[in-house]
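As you go down the protein sequences, you meet chains A and B in turn.
Going by this note's numbering, the first residue of the first sequence is number 1, and it counts up by one from there.
Going by this note's numbering, the first residue of the second sequence is number 101, and it counts up by one from there.
Since the hints were made in silico from the structure, they are not lab data.
Each hint should be verified, as a subset may be incorrect.
[As the list claims (entries may be wrong)] Listed next, with one range per pair, are the computed distances between beta-carbon atoms: (1) R113/B / E79/A: 13 to 21 Å; (2) N26/A / K148/B: 25 to 33 Å; (3) I76/A / K173/B: 21 to 29 Å; (4) R113/B / N26/A: 19 to 27 Å.
[Unchecked claim] Stretch by stretch, here's where chain A covers chain B in the computed footprint (C-beta under 8 Å, at least three residues): (5) 121 to 130; (6) 144 to 153; (7) 159 to 171.
[Said to hold, decoys possible] Heads up, incomplete: computed chain B residues facing chain A, CB under 7 Å, no partners named: (8) V106; (9) D108; (10) R174; (11) I175; (12) I176; (13) G177; (14) K178.
The model shown is predicted, which means the values in this text are computed figures rather than measured ones.
All C-beta atoms, glycine included, are put in the ideal place defined by N, C-alpha and C.
Given next are the chains, with one letter for each unit.
2 protein chains.
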Amino acid sequence: MYVILVYDIGEKRVGKMLKLCRKYLNWIQNSVFEGEITEVKLKELEFKAREIMDQEVDSLIIFNTRNEKWLDKRIIGKEKNELDTFL
Amino acid sequence: MYVILVYDIGEKRVGKMLKLCRKYLNWIQNSVFEGEITEVKLKELEFKAREIMDQEVDSLIIFNTRNEKWLDKRIIGKEKNELDTFL
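For reference, chain A alone in the conformation it holds in the complex:
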């Protein structure tokens, strides 16, 4: 399936979360990731994310669609993707 993941995570935990999400998905903006992922891998990602998160204050939203072609994406302004290669 195709996934868009966005998080809003406390500063202390954000580094860990970024590292985790980048293992599974493509980083496209500050706290936004997307990519093709299997259900099993997504469950794994969710499980690990819950371990990092403080669920009282942090938030993680996952949108998913069975087919990427049902979703159209446009980027206005700066594309952050280039950062991905440096970190």
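With chain A's structure known, arrange chain B on it following the hints.
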């Protein structure tokens, strides 16, 4: 159409951007919005967003799908939506 909008905007401009996006869409997380919107209204929103943005540093990503039912959403942790009524 159904839209997910995420932005990454410099601190000085983020207040204006938030205010703009909330006129057109539902605020679901720090810098994430979603909602049903017409093509005309989306163009209007984009036009106004470009006026606010510094396109050298700011970034706006718009995902859209023709039908909301093609997209599934899950929220883990804190739902930020409640804030919406206070601001």
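Worksheet item: For this structure, which hints from the list above don't hold up?
Response: Hints that this structure does not satisfy do not exist here, as all of them hold.
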